[in-house]
Amino acid sequence: MIEIQHLTKQFATRRGPFTALDDVSLTVAAGSIHGVIGLSGAGKSTLIRSINLLERPTAGDIRINGRSIIDLRGAELIRLRRSIGMIFQSFNLLSQRTVHANVAYPLAIAGTPRDAIDSRVNELLRLVGLEDKHDAYPAQLSGGQQQRVAIARAMAARPGILLCDEPTSALDIVTTGQILDLLSEINRLTRVTIVLITHEIAVIRRICNHVTVLDGSRVLEQGPVAEVFKNPQAAITRQLLFAHEPREAAP
Amino acid sequence: MIDYLTSFFTAYGGLLFDGTLDTLRMVFISTAFAYVLGLPIGVGLVLTEQYLHADTTTPGAGRATARALHTLLGFIVNVGRSIPFIILLIALLPFTQFVVGTRLGVRATIVPLTVGAIPFVARLVEQSIREIPAGIMEAATAMGSTRWQLVTRVILPESVPSLIMGVALTLITLIGYSAMAGAVGGGGLGDIAIRYGYHRYQADVMLWTIAILVILVQVIQTLGSQLARRVDKRRL
Chain A
1 MIEIQHLTKQ
11 FATRRGPFTA
21 LDDVSLTVAA
31 GSIHGVIGLS
41 GAGKSTLIRS
51 INLLERPTAG
61 DIRINGRSII
71 DLRGAELIRL
81 RRSIGMIFQS
91 FNLLSQRTVH
101 ANVAYPLAIA
111 GTPRDAIDSR
121 VNELLRLVGL
131 EDKHDAYPAQ
141 LSGGQQQRVA
151 IARAMAARPG
161 ILLCDEPTSA
171 LDIVTTGQIL
181 DLLSEINRLT
191 RVTIVLITHE
201 IAVIRRICNH
211 VTVLDGSRVL
221 EQGPVAEVFK
231 NPQAAITRQL
241 LFAHEPREAA
251 P
Chain B
252 MIDYLTSFFT
262 AYGGLLFDGT
272 LDTLRMVFIS
282 TAFAYVLGLP
292 IGVGLVLTEQ
302 YLHADTTTPG
312 AGRATARALH
322 TLLGFIVNVG
332 RSIPFIILLI
342 ALLPFTQFVV
352 GTRLGVRATI
362 VPLTVGAIPF
372 VARLVEQSIR
382 EIPAGIMEAA
392 TAMGSTRWQL
402 VTRVILPESV
412 PSLIMGVALT
422 LITLIGYSAM
432 AGAVGGGGLG
442 DIAIRYGYHR
452 YQADVMLWTI
462 AILVILVQVI
472 QTLGSQLARR
482 VDKRRL
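Residue numbers (this note's numbering), protein chains in the order written: chain A, 1 to 251; chain B, 252 to 487.
Bound conformation, chain A alone (with noise of 0.2 Å):
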């Protein structure tokens, strides 16, 4: 479970500080599949990025487990790192490396013994359907099977979480499709907890089961997705929703 409590973040800019989280709170079931949606600049990757502190909080508490992880520094945040896998829009594979070594990395740097690391190495490229591109390397691979080793190498060192940053927005719609359908079995499988950033309501309505809307650094409304779709709120929450759809259809 994750709990994040009147977590806010404050940039210094040249031109003052700017206010990238507002006194945001919101809790992750463990388990679950939580997406939060926003427009850019909404504040969503700066939230996710917290999680694993990559950005360090300017107040407020993130709590995983019951336990906060904001002050925690050196080894105890590598440990933490350890323990929460993460995705990103552009991939971002070990470019000079081959789909195994990417997917063996969280491993070898753990100091999993060799053969332990090929035996996982070889049940996850079989999950994610890329066991014949062991020996590949990441530029002779298509976006949706670059995306495929990243959540391979995620999942690699068996974590609690699973963040995913935009994950499918730089993926066509059929690729985006087999990519979500993917995280939602590993999910099923797993029980990983996934907290999904996105901007598109189609990947919220396709795998999560929580949603929270994130716009001018705060948040709208959450709750569950089916609840949230069915009764919208907030302007925002309509417009996302209802963005594609003719003009005189929208209330």
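Treat the hints with caution; some may be incorrect.
Said to hold, decoys possible - Derived pair list, reagent style DMTMM-like, types lysine to aspartate or glutamate, alpha-carbon separation capped at 25 Å:
1. A:Lys133 x A:Asp181
2. B:Lys484 x A:Glu245
3. B:Lys484 x B:Glu389
4. A:Lys133 x B:Asp483
5. A:Lys230 x A:Glu245
6. A:Lys133 x A:Glu123
7. B:Lys484 x B:Glu382
8. B:Lys484 x A:Asp118
9. B:Lys484 x A:Glu131
10. B:Lys484 x A:Asp135
In case anyone wonders, no lab produced these hints; they're calculated from the structure.
Chain A is fixed; fit chain B onto it per the hints.
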């Protein structure tokens, strides 16, 4: 023409051959030594910089230290790069005498070549590392890499093609520097060009040394570029 070539190379072939070997020896050894110090300095320049900006990637405790270290490294590198090589060469003579016990010849030239190349190498390494997309560094950080793992498993392997281009550039730059060392008795092709071409007005010897220098530069650049391309897994 044939007669000229035969008589020229009978007279000077051995000299030019030895000079070429001396130049290559000086340049390759100096480049190797320069990377021993320049590579860590270049990595240090990037790491201390990231320490400054990413309040996130790294905990805040060492921020002041990182800032001081970054400024210090940058200052040393800039000072080193602003001294013209011919001045450095002469200024270092007592140091050279102290290190290798002589101020003349190939061994003596390796000292100023190395010292002169270190700041150059440090900047090249820094630039190569900066070419790595930020997302890759971020992913490696998010996976829980320690600082050492980040350097040895991500930063250096990811920048290998660019680092190879940097080595070729350093070798070529040092060929130019080594010719200057010839002016103060440094040995190698520059020494031959000055002694025969300048002091004895033997223009043909000088022209041949230049021809050899041009060939050396072409060969090193071509081999460097080819090797960099061959090891780079981004283009397949």
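Structure-based check of each hint:
1. A:Lys133 x A:Asp181: The given pair, whose Cα atoms are some 20 Å apart, holds under the 25 Å limit.
2. B:Lys484 x A:Glu245: 44 Å, violated
3. B:Lys484 x B:Glu389: Distance ~20 Å between B:Lys484 and B:Glu389 Cα, so the pair holds.
4. A:Lys133 x B:Asp483: 18 Å, holds
5. A:Lys230 x A:Glu245: Distance of about 16 Å is within 25 Å: holds.
6. A:Lys133 x A:Glu123: Roughly 13 Å between the alpha carbons, so the hint for A:Lys133 and A:Glu123 holds.
7. B:Lys484 x B:Glu382: 15 Å, holds
8. B:Lys484 x A:Asp118: The given pair, whose Cα atoms are some 22 Å apart, holds under the 25 Å limit.
9. B:Lys484 x A:Glu131: 20 Å, holds
10. B:Lys484 x A:Asp135: 12 Å, holds
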